[in-house]
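Protein chains: 2
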Amino acid sequence: MSRTFFFVSDGTAITSETLGHALLAQFPQIKFKQVRIPFVGDEDAALEAVKQINAANKTDKASPIVINTIVDKEISSVIHSSEGIVLDLFATFQDTLEQALGVKPQPTIGRTFGIKDFARYEERMEATNFALSHDDGESIEFEQADLILVGVSRSGKTPTCLYMALHYGVKAANYPLTEDDLDEMRLPVFLKRYKRKIVGLMIEPGRLAQIRETRKPNSRYASLRQCHKEVDLAESLLRTEGIAVFQTTHCSIEEISSRVLSELGLQREMF
Amino acid sequence: MSRTFFFVSDGTAITSETLGHALLAQFPQIKFKQVRIPFVGDEDAALEAVKQINAANKTDKASPIVINTIVDKEISSVIHSSEGIVLDLFATFQDTLEQALGVKPQPTIGRTFGIKDFARYEERMEATNFALSHDDGESIEFEQADLILVGVSRSGKTPTCLYMALHYGVKAANYPLTEDDLDEMRLPVFLKRYKRKIVGLMIEPGRLAQIRETRKPNSRYASLRQCHKEVDLAESLLRTEGIAVFQTTHCSIEEISSRVLSELGLQREMF
Chain A
3 MSRTFFFVSD
13 GTAITSETLG
23 HALLAQFPQI
33 KFKQVRIPFV
43 GDEDAALEAV
53 KQINAANKTD
63 KASPIVINTI
73 VDKEISSVIH
83 SSEGIVLDLF
93 ATFQDTLEQA
103 LGVKPQPTIG
113 RTFGIKDFAR
123 YEERMEATNF
133 ALSHDDGESI
143 EFEQADLILV
153 GVSRSGKTPT
163 CLYMALHYGV
173 KAANYPLTED
183 DLDEMRLPVF
193 LKRYKRKIVG
203 LMIEPGRLAQ
213 IRETRKPNSR
223 YASLRQCHKE
233 VDLAESLLRT
243 EGIAVFQTTH
253 CSIEEISSRV
263 LSELGLQREM
273 F
Chain B
3 MSRTFFFVSD
13 GTAITSETLG
23 HALLAQFPQI
33 KFKQVRIPFV
43 GDEDAALEAV
53 KQINAANKTD
63 KASPIVINTI
73 VDKEISSVIH
83 SSEGIVLDLF
93 ATFQDTLEQA
103 LGVKPQPTIG
113 RTFGIKDFAR
123 YEERMEATNF
133 ALSHDDGESI
143 EFEQADLILV
153 GVSRSGKTPT
163 CLYMALHYGV
173 KAANYPLTED
183 DLDEMRLPVF
193 LKRYKRKIVG
203 LMIEPGRLAQ
213 IRETRKPNSR
223 YASLRQCHKE
233 VDLAESLLRT
243 EGIAVFQTTH
253 CSIEEISSRV
263 LSELGLQREM
273 F
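Heads up: the protein sequence lines correspond to chains A and B, in order. Sequential numbering of the first sequence, starting at 3, is according to my numbering. Sequential numbering of the second sequence, starting at 3, is according to my numbering.
Simulated from the structure, these hints should not be mistaken for laboratory data. Wrong hints could be hidden among the right ones.
If several chains are the same, the list does not tell them apart, and a pair holds so long as it fits within one copy or across any two.
Stated by the list, open to error - Here are the computed lysine-lysine pairs in the DSS-like style, where the Cα-Cα straight-line distance is at most 25 Å:
1. Lys118 x Lys33
2. Lys60 x Lys35
3. Lys53 x Lys199
4. Lys35 x Lys118
5. Lys75 x Lys53
6. Lys75 x Lys118
7. Lys118 x Lys60
8. Lys197 x Lys35
9. Lys106 x Lys197
10. Lys199 x Lys218
Quantities reported herein were computed from a predicted structural model and do not represent experimental measurements.
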């Protein structure tokens, strides 16, 4: 039996889908079809969504699950008239929140992921540019960085830096340990002064070899022997320098980012 | 009066914070302090969280709001013993879902943002590398791209491509319109064949000048006159070519990404 999940929203549907994925993850035994319906801004769009939901009901011969994050009550009620089982974010929590805060909500459609604060949004773009332009390890602007990720080539530094920039507006620089660093078993002098904001990323040699192999097939760089050597040396170096280290092999960039920010006590609001 | 919002989770706290932001956005009149407490994986960690929540209650002289996405009922009950007003994702929706699906949940701690599917995760990393290496407009690998963003320099193409890669595993290439393209009022020949996967990004000239000014102060490139000219020409060119265009000036990268994916009918599951 196949079941369909709908993520219905007056905005990007990111909240709806995030919520849905958290709930889905608790039912790994079921295979879901997932349909995103963003920007449902009026009743016509809602009626279109209802058509899709009802069609899925017919096809699946089972009620679709609908995660609804539409703010407007009128538009939302159209979704509730569908044949789906509707889980409703605002209808569920807003009253509790209104009571707790003692003020009325000021419903704004699709603003969760809109630009609310222009200056803060600039920080985000600046951080992203920073991550992009400080990805070679050759920059000397480590001073400006909120944090510096250190590790061997292909240990996950770049995507993690980009993620942290895009999601937390954090300026994350990235320094790939060189063979020289590893031979001398120490961080380069220009990095030492920033030790308090350095975090190490570590990866299993087998996995590293796999990743490198897709980049440079049959190279020394991608050989298991070379990967083992680099990882072992990097691990010793970072331990010697007293730098916190995170294993990335089985972690998503969300998990690595969240752990790194916690480690350094960076409490930036998420975008 | 200041109020504190806690995002408490056994994983990254991304679901909790996303949910919280959606609810917060409905009360723009209140200034909230926000505290993220991720990786609450046992009762000790939960007790630590409770201490923080209760301390905020004392400081604020008002109940903190707690968005709780801890899966385990025992650990979760510790959070519920705090002085905060606890909005609970799983306690609220899981029973409805269990009934609807007719199966028991298999609670897994902190897995929403874990790596669930290795092959799919690879796609994400590949897409991110693709976005990084196809950011110069000089690559000829447009064939492999799921979509191509076209626009003048600094119209928002790069961060949008990165966002789509990281969040939807979409291979997004990026082609900056050159002065030659604009003078000849047409897309370069090598792009024409990919028209069905091209989307244009447009930006207000005043905003563009501002952004460019921070990159190259007092340059012709950043002058309002030049920005006006490029934007006008780009608009005509894209209209002539019949390419869909999105305004980025007042849109976040989440909004642009969601609209672009909708436009092209790309229904990729979100990471």
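Hint-by-hint comparison with the structure:
1. Lys118 x Lys33: So Lys118 and Lys33 pass the 25 Å test across copies only (13 Å; inside, 37 Å).
2. Lys60 x Lys35: within (14 Å within a copy, 46 Å between copies)
3. Lys53 x Lys199: Neither: 53 Å inside a chain and 27 Å across chains, both beyond 25 Å.
4. Lys35 x Lys118: between (33 Å within a copy, 16 Å between copies)
5. Lys75 x Lys53: within (19 Å within a copy, 37 Å between copies)
6. Lys75 x Lys118: within (22 Å within a copy, 35 Å between copies)
7. Lys118 x Lys60: Classified as neither; 40 Å inside a copy, 30 Å across copies.
8. Lys197 x Lys35: neither (47 Å within a copy, 29 Å between copies)
9. Lys106 x Lys197: Cα proximity of Lys106 and Lys197: none, with 47 Å in one copy and 48 Å across.
10. Lys199 x Lys218: neither (31 Å within a copy, 30 Å between copies)
Checked against the numbered hints listed earlier, the structure breaks hints 3, 7, 8, 9 and 10; every other hint is satisfied.
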